[in-house]
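Visitor: Heads up: the sequence lines are chains X and E, in that order.
Residue numbers for the first sequence follow the working numbering, so the first one is 22 and each next one is one higher.
Residue numbers for the second sequence follow the working numbering, so the first one is 22 and each next one is one higher.
Worth double-checking, as some hints may not be accurate.
Intra- or inter-copy, both count: the list cannot distinguish identical chains.
[To be verified] Cross-link-like lysine to aspartate or glutamate pairs, in silico, EDC-like; alpha carbons within 20 Å at most: (1) 336 x 371; (2) 390 x 416; (3) 180 x 416; (4) 81 x 70; (5) 336 x 320; (6) 193 x 54; (7) 258 x 226; (8) 180 x 418; (9) 237 x 34; (10) 336 x 416; (11) 193 x 253; (12) 390 x 320; (13) 248 x 260; (14) 193 x 84; (15) 81 x 278; (16) 336 x 346.
Derived from the structure by calculation, the hints contain no laboratory data.
Spelled out, the chains give:
2 protein chains.
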Amino acid sequence: MSMRAEIVAVGTELLLGQIVNTNAQFLSRGLAELGIDVYYQTVVGDNSERLLATIELARKRADLIVFTGGLGPTLDDLTRDAVASYLGRGIEMHEPTLRKLEEMFAGRGAALIESNRRQAMLVEGATPLRNSTGLAIGNALTVNGTHYLLLPGPPREMKPMFENDASTWLKKLLGPAEVLHSVMLRFAGIGESALEDMLIDLIREQTDPTIAPYAKEGEVAVRVSTKAADAEEAARKLDGTLTEIRRRTDRFLYAEEDVPIETAVVQLLVRQRRTASLAESCTGGMVAELMTSVPGSADAFLGGVVSYTNAVKMKLLGVPRELLEGENAPGAVSEQTAAAMAEGVRAAADSDFGVAVTGVAGPALAEGKPVGLVYVGLAERDRPTRVEKLQLSGDREGIRIRASKRALYRLWLALTGRE
Amino acid sequence: MSMRAEIVAVGTELLLGQIVNTNAQFLSRGLAELGIDVYYQTVVGDNSERLLATIELARKRADLIVFTGGLGPTLDDLTRDAVASYLGRGIEMHEPTLRKLEEMFAGRGAALIESNRRQAMLVEGATPLRNSTGLAIGNALTVNGTHYLLLPGPPREMKPMFENDASTWLKKLLGPAEVLHSVMLRFAGIGESALEDMLIDLIREQTDPTIAPYAKEGEVAVRVSTKAADAEEAARKLDGTLTEIRRRTDRFLYAEEDVPIETAVVQLLVRQRRTASLAESCTGGMVAELMTSVPGSADAFLGGVVSYTNAVKMKLLGVPRELLEGENAPGAVSEQTAAAMAEGVRAAADSDFGVAVTGVAGPALAEGKPVGLVYVGLAERDRPTRVEKLQLSGDREGIRIRASKRALYRLWLALTGRE
Chain X
22 MSMRAEIVAV GTELLLGQIV NTNAQFLSRG LAELGIDVYY QTVVGDNSER
72 LLATIELARK RADLIVFTGG LGPTLDDLTR DAVASYLGRG IEMHEPTLRK
122 LEEMFAGRGA ALIESNRRQA MLVEGATPLR NSTGLAIGNA LTVNGTHYLL
172 LPGPPREMKP MFENDASTWL KKLLGPAEVL HSVMLRFAGI GESALEDMLI
222 DLIREQTDPT IAPYAKEGEV AVRVSTKAAD AEEAARKLDG TLTEIRRRTD
272 RFLYAEEDVP IETAVVQLLV RQRRTASLAE SCTGGMVAEL MTSVPGSADA
322 FLGGVVSYTN AVKMKLLGVP RELLEGENAP GAVSEQTAAA MAEGVRAAAD
372 SDFGVAVTGV AGPALAEGKP VGLVYVGLAE RDRPTRVEKL QLSGDREGIR
422 IRASKRALYR LWLALTGRE
Chain E
22 MSMRAEIVAV GTELLLGQIV NTNAQFLSRG LAELGIDVYY QTVVGDNSER
72 LLATIELARK RADLIVFTGG LGPTLDDLTR DAVASYLGRG IEMHEPTLRK
122 LEEMFAGRGA ALIESNRRQA MLVEGATPLR NSTGLAIGNA LTVNGTHYLL
172 LPGPPREMKP MFENDASTWL KKLLGPAEVL HSVMLRFAGI GESALEDMLI
222 DLIREQTDPT IAPYAKEGEV AVRVSTKAAD AEEAARKLDG TLTEIRRRTD
272 RFLYAEEDVP IETAVVQLLV RQRRTASLAE SCTGGMVAEL MTSVPGSADA
322 FLGGVVSYTN AVKMKLLGVP RELLEGENAP GAVSEQTAAA MAEGVRAAAD
372 SDFGVAVTGV AGPALAEGKP VGLVYVGLAE RDRPTRVEKL QLSGDREGIR
422 IRASKRALYR LWLALTGRE
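Chain X with its partners taken away, still in its complex shape (with noise of 0.2 Å):
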């Protein structure tokens, strides 16, 4: 049986934008993920009246009702006593949630007090859904039919509550053979639309596995899915597809997880026991931002230079003046400044691997070069040195993210001997 879900965000502060509700794509990725059809998703703030019209609303309108906020400890938060005025039910206490939060304020020596045991209950009968990194319980129960989820709103508190017990008690209600299973499959090197064509009959003619591709940041997915009993069934019906898959798009799937092409690369150096340094020009910084946000990347990532001027590129990088100055002279936006910035880059760090990028972002030309044209050059220790030309659509921030990743995929090919 297909379950209809509705996602119901609770909150005055989601009203007046000033904050964006994140919330609602997380928990519609993860019901899909389980097979779930969401149908509606629906904002409402801080009020009684509009509250419980809402949970009438969505009664009719749905199997399960997954809400998001109102649980803390203020006044303000209203979604546990409206579920449970709505079903005619009371307010329990759950005695060990609230030895937990007694022991925890005993432990900074404060007292608990009144509105913080508030945070330790449930609607009657519920099920306690509990809260890793917060304070506030999760509910969970079904009441004539209809399935009632009740998660916190801050999602460092509501993502660990529905990946864990939530999922835990919707994946019963749904039965074995209802879950969803799937795998994402990472894509760096290409664009949106050039991967579906390579896929096209695959995405024409599915039926079990589905296959939906999605544009990331710079970069695609493509997620393939199919219902199973277990791990093991899923395995099974997913082969066939991803064995397709792998084999059309060798040279750009760089991960069957959903992590974006920096984590790939790192992993990589630090398994291979190899060392990067950067040169960004361009790009002002952002390759290395992206390398140095994966946790460990201190032990592959050695540094790197944003060299915005020439006198960096020379001082710093050591690319040789006739490069940039003079009439006949290639200049900052060449092939041959990329492929010395690389190398001055490699050699300064001691590296294993110089990546340097130099380009014209935008919004005007430089060197009366086109907005989007790009140079990415790879200098490798006992290695001759290559140099990528592209020529980059979109605005500044646009190309700026497409030159860094790009960056990252031709390293990415030197790691894995696809180049």
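For chain X, the structure is supplied; the task is to place chain E on it using the hints.
Guide: Positioned in the frame of chain X, the structure of chain E alone reads:
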């Protein structure tokens, strides 16, 4: 008269969690700025029956319904037809838009196909809203006291349409005295609660103007608003409150418009014809990335070094070995190294300022020093070098953002003579 609004986003991709509903936040904030209260946000899929039910429901609970999405050329784009059908109206061609599309396609040497012609169509009797960044025209109409606004889904088309033709249309509905005028004040170097403490009596006593604090990425903002007939009356009503806030927060108030600190810093550098360079350890290129994200930064930001390793600190920044190695060395995360990094990059880039960040972003300790310990160094031509020691809280990403914003704040203090 206060107007109640509902935002209806149409698109199955939202219900699948493929994209975040940032449009709802943008519109909620924009409507709040106009003094319009948003009571509900709803997301519905590309399904005629559920879309019609959503329109009927929104009409009952709102005076103004703002739709986003579903104006495109494909058969999945249902919003215009659904609204027309709900109101018992036809669809009519907007000839000026059609001619614009025909010219555009002719310019590309392509014929205008039927599906694109649909994008020039309006609900019968609607006011057209120009699309400056895309093809689909927007619709505005009032029927039986309910106002309908139909906007495209892609944010880069929706936002300019809302800010231009749609806002003009709404302001006419509201009448001049109802329009909210506001000033966004941006602060750095101070947290949200500390700023609230400084303004707490003003916030508590507020009636008109209203004062609303917002948390931004590593920064804080305060919006001061009033309703007025025109900009002149608004300025008069806001003046006293703004003067008092300025007096109390002078050291932290860096802009009276909604821009991040990096924009303020780059503008000051350009205006003062001064230059800066960066040496980053724990922030890994984030400060450089922020500065270079500001158009025009090439005139002010000469370059930077991301020095993750001691070897790079010594080689490219000239940090003395005795600061980094040996049992009694202060180490990479120290006041002395922060100063040496700032002076080293300033000398290498020959810039007016050299800014350095070194610290422990976590998740693990480094050199036995605690996560969150960060030093910000500021070297200046012909002036003594200053170093600030910080103990920041948060996860790895949070510490990196706070440290980056703090480094920019130090530079702002120096540029404005507020140190």
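Visitor: With reference to the structure, classify each hint as holding or not holding.
Guide: Verification of the hints:
no.: 1; hint: 336 x 371; in the structure: both (17 Å within a copy, 10 Å between copies)
no.: 2; hint: 390 x 416; in the structure: within (16 Å within a copy, 42 Å between copies)
no.: 3; hint: 180 x 416; in the structure: between (33 Å within a copy, 16 Å between copies)
no.: 4; hint: 81 x 70; in the structure: both (17 Å within a copy, 15 Å between copies)
no.: 5; hint: 336 x 320; in the structure: between (26 Å within a copy, 18 Å between copies)
no.: 6; hint: 193 x 54; in the structure: within (15 Å within a copy, 46 Å between copies)
no.: 7; hint: 258 x 226; in the structure: within (15 Å within a copy, 64 Å between copies)
no.: 8; hint: 180 x 418; in the structure: between (29 Å within a copy, 17 Å between copies)
no.: 9; hint: 237 x 34; in the structure: between (27 Å within a copy, 14 Å between copies)
no.: 10; hint: 336 x 416; in the structure: neither (30 Å within a copy, 36 Å between copies)
no.: 11; hint: 193 x 253; in the structure: within (18 Å within a copy, 63 Å between copies)
no.: 12; hint: 390 x 320; in the structure: between (37 Å within a copy, 18 Å between copies)
no.: 13; hint: 248 x 260; in the structure: within (13 Å within a copy, 62 Å between copies)
no.: 14; hint: 193 x 84; in the structure: within (15 Å within a copy, 43 Å between copies)
no.: 15; hint: 81 x 278; in the structure: neither (37 Å within a copy, 45 Å between copies)
no.: 16; hint: 336 x 346; in the structure: within (14 Å within a copy, 26 Å between copies)
Consistency with the previously given hints fails for numbers 10, 15, ordered from lowest to highest.
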